[in-house]
Amino acid sequence: MWRRTHITTWFSLVLWSGFAGAGFAYDVIDVKNGATITGKVAFTGTLPHAPKRFEVRNGPEVCGPERVLNKLEARDGRIKGVVIALEGVEQGKPFVSHRDAATDRGRGAFHYAGGDELNLGVQLEKCSFGPFTGVIRADESVRFVNHDSIKHTLHTYSLKGRNAKIMRTLHTQSLRPQRQTEKDFPAKKLRRASAVVLTCDRHDFMENWLYRVRNPYYAISDESGTFEIGRIPPGDYKLVAWHPVLGIQERRVTVTPDRHLAIDFEFIK
Amino acid sequence: MNGVLSPVKPGIIFVLFLFCLTWANTQGVHAALLDGMLDDVEESLAEGLAKKREKLTTGNFYTDDKPNAHAPIGMMGNHTHEAGEVMFSYRLMHMFMEGNRYGTDRITTDEVTMMGRPVPGGYMVAPESMRMWMHMFGFMYGLNDTVTLTLMVPYLNNSMNHVTRMGGKFTTRSEGFGDIRFGSLWRLWAVEAPSIGAHRFHFNLSMSVPTGSIEPTDQTPMGNIRLPYPMHLGSGTVDFYPGVTYGGEMGHASWGIQAIGTLRAGQNSNDFSKGDAYTVNVHGAYELIKNTLSSSVRLSWNHWEPYDGMDPVIRTNNPMNQMRMVSTAFPDLLGGQRLDLLFGINVLFPEFMGLENRLAVEGGFPIYQYLDGQLETDSTVTFGWQAVY
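Each protein sequence line maps, in turn, to chains A and B.
Here this note's numbering is used: the first residue of the first sequence is 1, the next is one more, and so on.
Here this note's numbering is used: the first residue of the second sequence is 270, the next is one more, and so on.
Source of the hints: derived by calculation from the structure; they are not laboratory data.
In this text, a Cβ means the ideal position worked out from N, Cα and C, and glycines have one as well.
Careful: at least some of the hints might be erroneous.
Think about it this way: if two alpha-carbon atoms lie no more than 20 Å apart in a straight line, the pair counts; the simulated EDC-like pairs of lysine to aspartate or glutamate are [what the hints assert, rightly or not]:
| no. | chain 1 | residue 1 | chain 2 | residue 2 |
| --- | --- | --- | --- | --- |
| 1 | A | Lys188 | B | Asp308 |
| 2 | A | Lys40 | A | Asp76 |
| 3 | A | Lys165 | B | Asp308 |
| 4 | A | Lys183 | A | Asp201 |
| 5 | A | Lys165 | B | Glu312 |
| 6 | B | Lys324 | A | Glu55 |
| 7 | A | Lys165 | B | Glu316 |
| 8 | B | Lys335 | A | Asp201 |
| 9 | B | Lys559 | A | Glu207 |
| 10 | B | Lys324 | A | Glu207 |
| 11 | A | Lys165 | B | Glu323 |
| 12 | A | Lys165 | B | Asp309 |
| 13 | B | Lys559 | A | Asp204 |
| 14 | B | Lys335 | A | Asp76 |
| 15 | A | Lys52 | B | Asp308 |
| 16 | B | Lys335 | A | Glu55 |
| 17 | A | Lys126 | B | Glu620 |
| 18 | B | Lys559 | A | Asp201 |
| 19 | B | Lys324 | A | Asp201 |
Cβ-Cβ distance ranges computed for the label pairs, FRET-style [to be verified]:
| no. | chain 1 | residue 1 | chain 2 | residue 2 | range |
| --- | --- | --- | --- | --- | --- |
| 20 | A | Glu55 | B | Gly368 | 52 to 60 Å |
| 21 | B | Leu307 | A | Val62 | 34 to 42 Å |
| 22 | A | Thr103 | B | Phe451 | 44 to 52 Å |
| 23 | B | Leu610 | A | Asn70 | 45 to 53 Å |
| 24 | A | Val62 | B | Ser313 | 41 to 49 Å |
For reference, chain B alone in the conformation it holds in the complex (with noise of 0.2 Å):
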């Protein structure tokens, strides 16, 4: 499936953006991009709230000073900022991979080498465990009163734990810069009254170049070659990121719902892709300390097709006797699907010298995985700091 509107998305999406942007000018949008679309909608809900004496609030999508303003610090592109704010953010994320599973059912490394699964026949090598560090440094800005433009770039350092048939260990490890991602939320619609809460919309749409590594090299048994897929710190294609936000809030509750894809445009330079995928975010926050500590539950569903394509310089066969080498090294056991459940505590500080700061921490675990044949997912850790000026 992956690849097959390879030469149509590029294009979809880039008249999509070049839609907004000409509409945003044309019409001078001086808020929502859905502004004046949805007057019926909005005069129907300002005629309930009439009676209780309410006035209803369009286009307002401020944060307001709570710490559950923002999602949890996992999630990305989750708010938009203010004409001429700006956003700084630094997270370190963790994410702890070890033993294989194939479809639902775990699998041992002897299942793996000796026993040949998932495909029949075994492997030389079985990934046992990988540890993947990611630096991500953000930029927010609001650039009008709908668009604010976003910058991530991030650093990585993984490192995969092997095991050999004959029982050997030896690490691979990779390091430096990944794919630097650009991009914008464009605000599109927002209500909100005292006794229906806040309610704001809008639309993510990002791209990613390919500055992250696609051939990283280590030492293994086999000398130092170019490591597997999952090694690897970029796609080495351009991607694109749309998706669509909403988030909701009342009294000293909030929630949101995200849903994002990431749609590779063509092939890299090396022949071959990383798959589409998809990822629908479900958050509740709570203000537990009034302007200050806020708590957070996520349900975060990921879905990732197999890659397209391989790299001819990865090797999959032992040239001395045909047999397989890893199973990380084999594009169409790259895909799979997981459902992690996180928990998440957001801190709110005085402002300080005219900064807003946020510390969050959010970690959690896969309560569903079904993989074609990698290592599964065991715990992911984030811990984020934003200044807000």
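Here chain A stands alone, though its shape is the one from the complex (with noise of 0.2 Å):
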């Protein structure tokens, strides 16, 4: 009878794990007539955080000296790094292979491989994961490869409870120098997290935040603030505009075949 319950027992919470992992499906189709979104993302006001400057303690032979953590970069009213996401598609193109890198000291990028899945992988270099927002994907393993000749220790963060007050941790991993590690992202583990930070506990200035994705139907705004997001099928969708110092901004959307939507977001502080 105690065999039997325990073995009832270990095998309910095996099972009960594999469901909780259980994420949101995405379908890749050929999409025919697909429409186009661009945009520009605009801010007034005076900017919230200006850039942080650190000693470097650990290894300023390969990060430098000092560093700068700029978390919002604007230039003449344009905003730089805003993710814009279109929610609610779950079948449409596939992922789409890009690379972002860091455009300060570091020469960090995040590597898009693309495909049926986004295939993140972070290209750590000059103590730096790659520019400061990207993008990440739930149930999906994320490439870790560190090609400084010093460890780092990865640090991810997901934001939860109500108005994303609690940073829960998902890893540390210490990153040895010239090694691949790869680290998980399950579903269960992301329940009610917009967005996953990524840092380093060794180096305070390596911070970086990744909007979560179920699609292939993002852009990151560059210099200009401008972004397209392309190839859509027809639907009704929800547009948003993230960035981890401003918020978000939501607009409903309604696709139609071949036509080709503007929109514009603006952030007011």
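Each of the two chains sits in its own frame; use the hints to bring them together as a complex.
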């Protein structure tokens, strides 16, 4: 009796954990007569975050003696690094391969291999994970490659709780020099999480934010604040503009075949 | 009391270990074991912090580049490591014991031999002092985001001075590897925010295997004989060390509490087992020089039960006159309690060749001792080096 009860308990635990890991499905199909959304992200007001300077204590020979964390890049009223995501698309084009590199002293980059999945790879170089913002998808492994000759301590968080007031640790992983490490981001660990934060515990200036996307219909605004999302299948969706410092804005959009939509966002502080 | 639960204890520990391991595997745990189970507490804390424009961070066990990020060097298993992180450590520990104590009273060697304290009739030989040196080689490895594995290999060198009833003196020595101890630290829960500091809890679970000798011999006035229990290098049993550790940090200050038990599994091959033991450590530390030097103070409460059973080869009585030989040969006198006050210093060196190096020293003395009739402790000193890669 005792044995049967315990076997049942363990079996239930395993079974439950399997179901808990189920994520959101996205199917790749051939999109014909897809629509396009383009737009600009503007900013009005006083920048809420000034660039912060850090004296480098661990590995200054690699990182440099001083580094700057700039969380908000705005020029001429246009914002770079705002993630624009179309939510509610359950089937459509494949994930596109592209690479976003840091533009500061660091040379880190986010490499999205694309295909049926996002296939994010973080190329860590010169004490940088990559640009300040990027995207991530649940239930995928992320490859972290440390190209530096010093160790980094990856610390990832998800934002949870009402109004994202809680930063929950997902991983703490020592990244050895010249080595690759894969970390999983299961959906059950990202429940209610809209974004993932990457930090290095050994270097306070290394901080990056990844917005959680469920499909390949996203873009990140460039230096001129512009973005473009193409090959969108017809339907009613929610268009989201997100930045870790400025917050989130949402628009309802109706996409019809071969149509071009121009949608701008403006953040006011 | 000791030994009453002996058949049950290993089973409980094993089931607990299996539970944690299974849980970690099935849940794909990526941080602390209690993640997601204390949501209400976290939400409540976060609500309060939001008024101060602060976010609550959970599951962060990373200890910053602070000398006091590690507890005083005399404590073990006080911090966990990040996945993939490795730490090597070496500790040199010294304990000096001089004079006998019965209850809270100091007793002279004359009282032990002639007047017969603690046992009426006295002993032919009384221990005068004992010196214990221990070299402890340690290894820690962050297996994943939840579990840190530990390994400790001790090498001991003991010497004990004796005086006979007739005033003659002699010294016995034992030396060799002690019981090798391996185990794991399980991250339970951690919360932190600028205004409340960091609060981290982990669960300690380790076990030792009987690699240390329980049959050391040396020359005595009675010939080359098996030495009494305090000179043994190990317990002879598989021992379990379950415990809970809490650590806090805020600004330049850090503090912690650790409760660890030592539970013996059955009796050894020589028909006895050392008594179960319990230790509670409370410490506080302060960073005196940023990223370089910190000082600490610690209170350590130790309680250990008398031995259970006895080694039939260790002589308790002189076969010629049936007089008691030496108090250290009587297992029922080996229980006691002690409260130590210790002071320490931790030094953190700038990273070199990818290694984070720490040196630390801690020393102290008992402020309270209650012994069943043994040598009393005068001082303990621990020197240590830790290298994290």
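Q: Could you tell me which of the hints above the structure violates, numbers in ascending order?
A: 6, 9, 14, 15
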